[in-house]
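There are 2 protein chains.
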Amino acid sequence: MTSHRPPLTVAQYGIGPIGAEIARLLLTKSWVKVVAAVDIDPSKIGKDLGEVIGLGRNVGVTVTSELESKPDVVCHSTGSRLRDVADQLKQLMNRGCHVVSTCEELSFPLDAEIREELMQVARAANVTLLGTGVNPGFVMDKLPLTITSVCQDVKSLEIIRIQNASTRREPLQRKVGAGMTADEFRAAVDAGKIKHMGLRESLMMVGNGLGVEFDHVTDEAIEPILADREVVTQFLKVAPGQVAGVHQTIEGMGRINVSLELRMYVGAEAVAADRVIVHGVPDVEMEIKGGVHGDRATAAMVVNAIPRVVQARPGVLTMDDISISFR
Amino acid sequence: MTSHRPPLTVAQYGIGPIGAEIARLLLTKSWVKVVAAVDIDPSKIGKDLGEVIGLGRNVGVTVTSELESKPDVVCHSTGSRLRDVADQLKQLMNRGCHVVSTCEELSFPLDAEIREELMQVARAANVTLLGTGVNPGFVMDKLPLTITSVCQDVKSLEIIRIQNASTRREPLQRKVGAGMTADEFRAAVDAGKIKHMGLRESLMMVGNGLGVEFDHVTDEAIEPILADREVVTQFLKVAPGQVAGVHQTIEGMGRINVSLELRMYVGAEAVAADRVIVHGVPDVEMEIKGGVHGDRATAAMVVNAIPRVVQARPGVLTMDDISISFR
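If you're matching them up, the sequences are chains A and B in order. Under our numbering, the first residue of the first sequence is numbered 87, with each subsequent residue one higher. Under our numbering, the first residue of the second sequence is numbered 87, with each subsequent residue one higher.
For reference, chain A alone in the conformation it holds in the complex (with noise of 0.2 angstroms):
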């Protein structure tokens, strides 16, 4: 029981949106102590964290520029590319903390190369690094994943994630193109503007989980929703016929097809849902009523991992390598 235990040391590195949550949620568990917060930004150096994290309070710890103990556990939240925080990753392995990172590319790492890097630099410091974070990390990969454990046998699995992006903060509304012209928005996928990081990633773990390597997968199509009425939101509004949002896919074809639907869009509310669609023996249908809430899971997740990352056994995990719940 960790209740009984004292309580595991942990820093935040990286304070964006993302970053807050994890370091809001982290101030209210018992079985955590925060010791040190970090990040780049000039504005937020020498603060309080409970005052750059919008707490109202002062949590006797202040934000520096570099990471100056060495806590269990860092919550890491700077990047969605491993290649520009891969060696952020490697500094805080070396200096003997685990680390759970909300880093989209390191749920499943596709570079083998970094991969074989960081494998290296958190066994020689006995460490655990894992990625995770709602998706990808958890309902397009570990659910889907654990679903199909009560399967005899499998022969394709649909993951659909429809994401209400009214609900969601701002940058993401605007992320997935609601409010632009669906030439705009072609041009900003194509200016690598608009994309869902992690699909991919979350594809290759449901097949390597599955134990199945796949004869073909497909690019990542991504397609505009536009809008069929108008839709207001509290930072935005999308006259009918412009970009309501987002409409990414992409597939895995081999002994078991895997396909991952994700749509995210402003106007969503009545058809919001997380589900997984199993044929096979038996089938089965999950589905989550109105899905799961993105940047709120996400922190949920991180800090959910902690008690299970520092049982776990080093090297680079990913969500298929533990069991996780609610802490």
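I should point out that these hints are in silico values taken from the structure, not numbers from a laboratory. Certain hints may be false.
You can't tell identical chains apart in this list, so a pair holds if it fits in one copy or across any two.
Calculated lysine-lysine pairs in the DSS-like style (CA-CA distance at most 30 angstroms, straight line) [to be verified]: (1) Lys241 <-> Lys119; (2) Lys281 <-> Lys133; (3) Lys241 <-> Lys375; (4) Lys281 <-> Lys375; (5) Lys156 <-> Lys119.
Keeping the supplied structure of chain A fixed, place chain B upon it in accordance with the hints.
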């Protein structure tokens, strides 16, 4: 990727209805080589496993009364009570075999003394012992725990399984009391003849996974569900007012309240489902339509656990200690 490794050698220990279902499934897996089959029934000993499990073909494995080889893994399915099977489990582990068992009381061993004995044997033999199945083992413990991982806070958890007994085998329909009068049902409950095994184990696994020590755990309530119309199955007929099945509940109260409700009765086709309702931040409501079929899924859980168990740490593990998916 399991497909490139030599197959795991596996023995089936116990060839009753569930053991036969497991054996049939094992024989379909390319990554498994079934090398032995054990049963105490003189009518099965000496026969080919394929004949005993009704395959209509021989598989080259003769049923014996004792395990004579040392397979990598033994699938054990001989009884529900830990006290009755503990010696078998120790023998199998002392041979150096990992063991995956359907023993319901093994899913979360509540008898501390037996658990400690098994733990010592497992560690000394450097093998892993796991109790699993669909219930206990998945739909009312492992799956709800996994679902809660998206939550920042959990106030209470409702776990509801409504299983349509009409599609289950005859012994199960009889075991839930279908066709009895209410008086006969209560007498059968008092005699210990009507009881789903493992509900308390599921509750305690959930509490443990959530890091909660319950202040109070209710006794298990076992009540009849009376038919409000005539129900006819392949095996029996239930008149209106007669017992259609069983309604069994248990609840743990503490920092988080957890309630488990199992309804297993004939004629439940319209309402059958597995459901998890989390009251927390956020609320989460998950449903598997129609519910997961018991016997088939139990065999699936056992076989799908094998690749995870051979990679797990030694000891007595529960489903909350391992990750799982179809293989």
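In rising order, the numbers of the hints this structure does not comply with:
Hint 2 alone not satisfied by this model.
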